[in-house]
Amino acid sequence: MTATPTVAAPARRSAGGAIVLEQELRDLWLGGRALVLCSGFSMLLSVLAYLVATNRALNFLEQRETVNLTLQVAVAVGALLALLTAADAISGERERGTLESLLLTPISKRALTVGKLVAAISLWLGAYAVTIPYVWFLGRGVGVAVNALAVGAVVGTLLAVFLASLGILISTFSSSNRVSLSLGLFLLLALFAPTQLPSSAVQGWAGELLLRLNPLTAGEHYIGKLVVDGHAWSDDASWLLSPAISAALLFAVAVAAGSRFARLHGGQFG
Amino acid sequence: MTDRARLRAGLVVLLVLLVTAGRASAAAGELTVSVDRTTVRATLGRTFLIRSTITNHGAAPASGLIAHLDVLSLRRGVYVDPEDWSSRRTRYLAPIPAGSSTTSTWQLHAVNAGRLGVYVAVLPRRETPTAPITASTVSVTVAGRRTLSSGGILPLALGIPAALGLLALSSRLVRCRPRRSASSSRKGARS
Chain A
745 MTATPTVAAP
755 ARRSAGGAIV
765 LEQELRDLWL
775 GGRALVLCSG
785 FSMLLSVLAY
795 LVATNRALNF
805 LEQRETVNLT
815 LQVAVAVGAL
825 LALLTAADAI
835 SGERERGTLE
845 SLLLTPISKR
855 ALTVGKLVAA
865 ISLWLGAYAV
875 TIPYVWFLGR
885 GVGVAVNALA
895 VGAVVGTLLA
905 VFLASLGILI
915 STFSSSNRVS
925 LSLGLFLLLA
935 LFAPTQLPSS
945 AVQGWAGELL
955 LRLNPLTAGE
965 HYIGKLVVDG
975 HAWSDDASWL
985 LSPAISAALL
995 FAVAVAAGSR
1005 FARLHGGQFG
Chain B
1017 MTDRARLRAG
1027 LVVLLVLLVT
1037 AGRASAAAGE
1047 LTVSVDRTTV
1057 RATLGRTFLI
1067 RSTITNHGAA
1077 PASGLIAHLD
1087 VLSLRRGVYV
1097 DPEDWSSRRT
1107 RYLAPIPAGS
1117 STTSTWQLHA
1127 VNAGRLGVYV
1137 AVLPRRETPT
1147 APITASTVSV
1157 TVAGRRTLSS
1167 GGILPLALGI
1177 PAALGLLALS
1187 SRLVRCRPRR
1197 SASSSRKGAR
1207 S
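Taken in order, these protein sequences are the chains called A and B.
If you use my numbering, the first sequence corresponds to residues 745 to 1014, in order.
If you use my numbering, the second sequence corresponds to residues 1017 to 1207, in order.
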């Protein structure tokens, strides 16, 4: 982001968040970085959609299962894109040497953090827009497309807010971009690990508690219940508690941490 | 202990064993297993339910029973993995009081097309080997269907990444153009 040090009026501080957001969105979308990421994301969804639509071995299953599979991959990878963008936000500026001029502008650190956070979340919105035609194509025959897209938007947005906040938090305290990105990816893999456990390992109260507490597994479980089992939105609403609470809590923590600890020298994490 | 006393004790033990075994086999013979239907027509990918009822006709409660569901193809050459059809195929039943019955509901997912047989067997949790009690086989006919039309996926799968790639490329070109024109005008001014 390019700095505008000439602006000194205190009134600009209140509008600082909007200015940062506008500049970040411009850099991200018009600069082409977000489009390249979305293009890669669409390639992944294309391969997946082509496989489930044409491969008989995958195609024998219920059509709802294919919609669920595509939507879950889209939500997970879309949220990952938001995390990667957020993990670069502060530590990236620090490493490129642009954070100093940014901190000198009459924009509060809080506005800076919020602007960067919302810009990172916009990447999920772009990924979601890319997902719409795939889910529509796969789900149109069984009438689950609208419901699947709606639940994907809700769960995906909650997870994107949660992961982008996590990314900003890591980025604020990391000394280098490499540390920030690798720590972000490590945490993401750790959160995804329970999805690879055999079903017998997550049975019982302890297993269910683990799935419910983890926002990623809880969100994906909720999507599956609505899309595959055809449950009503209210039937399994308790599974949305963890993603919603985590998103709200981490957003607040990330903004508070960014407001206080976004400094020229990071390093609290390494 | 004299030989006669030993013989008497041995006979008592033998009698006790025979009576216990007799009771056990009688308990097994007094159980019946039935299913709520004998034919099912399903479509590939759909789920359906089968209910089995185990009735204890004896005078004593029946305990330590295990109900198990199995699936097999009635035609040669079709590989069937029962695990794919039902994730909970073994149930450890609670004791059934005399004259009572218990019903188990089995959810099955039609994973293979063709003619298949599904049956429920009940066996006691005893160490002595006994034959399982089975209900009549449920004949399941699963109609095959293509769950998804692949028509139209190729333009979508190729078109969206191509469009986004072009968009990314054009935005990069637009960003590069002012810099190039600015540097060329600077060169012109120097010369």
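No lab work stands behind these hints, which were simulated from the structure alone.
A virtual CB, placed ideally from N, CA and C, is assigned to each residue, including glycine.
Treat each hint with caution, since some may be false.
[Said to hold, decoys possible] Within a straight-line C-alpha distance of at most 25 Å, the following computed DMTMM-like cross-link-like pairs (lysine to aspartate or glutamate) qualify:
{"id": "1", "chain 1": "A", "residue 1": "Lys969", "chain 2": "A", "residue 2": "Glu839"}
{"id": "2", "chain 1": "A", "residue 1": "Lys969", "chain 2": "B", "residue 2": "Glu1046"}
{"id": "3", "chain 1": "A", "residue 1": "Lys853", "chain 2": "A", "residue 2": "Glu766"}
{"id": "4", "chain 1": "A", "residue 1": "Lys853", "chain 2": "A", "residue 2": "Glu839"}
{"id": "5", "chain 1": "A", "residue 1": "Lys969", "chain 2": "B", "residue 2": "Glu1143"}
{"id": "6", "chain 1": "A", "residue 1": "Lys969", "chain 2": "A", "residue 2": "Glu952"}
[To be verified] Covered, in the sense of this in silico footprint (three residues per stretch, anywhere, with C-beta under 8 Å from a C-beta of chain B), are these stretches of chain A:
{"id": "7", "region": "779–787"}
{"id": "8", "region": "854–868"}
{"id": "9", "region": "891–899"}
- request: Would you list, in rising numerical order, the hints stated earlier that this structure does not obey?
  value: 1, 2, 5, 8, 9
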